[in-house]
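Undergrad: Sequence:
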Amino acid sequence: MSIDPNLLDDLNARGLVHDSTDATRLAERLASSPVRAYVGFDPTADSLHVGNLVGLLMLRRLQDAGHNVIVLAGGATGMVGDPSGKSAERSLLDDEQLAANISGILPQLQQFLDFDSTDNPATLLDNRAWTVGFSYLDFLRDVGKFVTVNQMVAKDSVRSRMESSDGISYTEFSYMLLQAYDFAWLFEHEGCEMQMGGSDQWGNIVTGMDLIRKKVGGSAYGLTWPLLTRSDGSKYGKTAGGETIWLSAEKFSPYAFYQSWIRIEDAEIEKLLLQLTLMPVADVHAVMSEHAEAPHKRVAQTRLAVELTTLVHGPEATAGAQEATAAVFGGSVADLSADALAMLAMELPTFNASREVLGSEGALVPLLSESGITASNSEANRLLKQNGVSINDVKVPTDHVIHSADLLHGRFALVRKGKKHLSLVVFDQP
RNA sequence: GGGUCGGUGCCCGAGUGGCCAAAGGGAGCGGACUGUAAAUCCGCCGGCUUCGCCUACGGAGGUUCGAAUCCUCCUCGGCCCA
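Read in order, the letters of the first sequence are residues 25 to 454 in our numbering.
Calculated from the structure, these hints are not laboratory results.
Incorrect hints may appear among the rest.
Here are the simulated lysine to aspartate or glutamate pairs, DMTMM-like style, with alpha carbons at most 20 Å apart [stated by the list, open to error]:
id	residue 1	residue 2
1	Lys238	Asp46
2	Lys295	Glu314
3	Lys443	Glu314
4	Lys321	Asp307
Quick caveat: nothing in here was measured; it's all calculated off a predicted structure.
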């Protein structure tokens, strides 16, 4: 397979290069022959989240351009915790949790890359393989000796934590060495010449390159991408409500995933299309100019949502999310067919309720809190008072009594909190 | 080990005996305006059987008519000294 000589230009055009080792040399190296490169992912949870997408796609871009990529699962580093970009010490994961996390993440890592390619199949490795058997004394002699504390302390990630009131534990302080050792090991045993990561990984990557130079006598490449942030500077990967946007359909429904992209503000949309999708740069520009002509149609948001949901959850789930969206934000809820409602039941938070509450006074408030639509009766009362609840698209007052005649198809109540928060209450069969 | 300062609601952070469910900011939620956007404005933002009651200011006791505020012990953290 031939390699794409324009890879680096493409990455630059997308704004995906934050920092790299000597740009000219890197460009030459990437254009001459396939490079082996890796990105590491620590199993801090049982699913990856949106914040990991850029890294996964970076590997994909490299692979598509003809290079050899390694996905590194941080089974060992995950035990320690990376202080980079973290303001506080993290709690340690126990073995059981870690094992569960790894098994949740592995299929996600695999889904973005081609492991069966005859030319340049991707490789999946776990750094436990070369770390668990490494004794502490050996580590101090073989790795620690090559790195001075002076340079470690100078790294931003460490310094900011040393200056904070919480401090940094020796454990997290040592993280950098583990990651550096990973890079050196991969360089030596897997012919891996390049490490990529988010911009907060620069210090760790550079430490790895130093180690390679001193310990192995080789020279490696490093590249970081900018951390994805909103226009207000906050990190991505969370909903407006602060919920993490997981890639796992169990933890975050495809519908909710799709919706979170539909709601992206205009100022962000081009950057996200460039950095989070595989769309050619020219296509992105075309979509953006179409969007600029009629912003209220939100074609760019729709495109982003479709691209990403398809990438993460597949075309079927995307179609389902689109249908649900059309039903709920398009026409009239009252016109929904029973089939459409059954489909919505799979996409929206759903709660089963007893028909006893129908026609009974004061049943609405407890129904709202029991279904999780509101966190408490107080909140439910408050929300109703503020005119924030509608059932089947009709705003309801505090003393509203639900009657069976109000239900769609005799048993469905689509409860809307504000404009965007929807839940489906399904009543028992009559 | 000694000294010292501190631990307040989702977060930051005021409060140093009653006027404290606890200022202010942020986040969040609802409403208006819109394009399921941004900006702006208004309201809400511990719980409950909601004109009142209960739970809360690291934990446990105590002083007091009354404590987030005072005392004792414990615990956790910062800083300084050893």
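Undergrad: All the hints need checking, so say for each whether the structure fits it.
TA: Here is what the structure says about each hint:
| no. | hint | verdict |
| --- | --- | --- |
| 1 | Lys238 x Asp46 | 19 Å, holds |
| 2 | Lys295 x Glu314 | 16 Å, holds |
| 3 | Lys443 x Glu314 | 27 Å, violated |
| 4 | Lys321 x Asp307 | 18 Å, holds |
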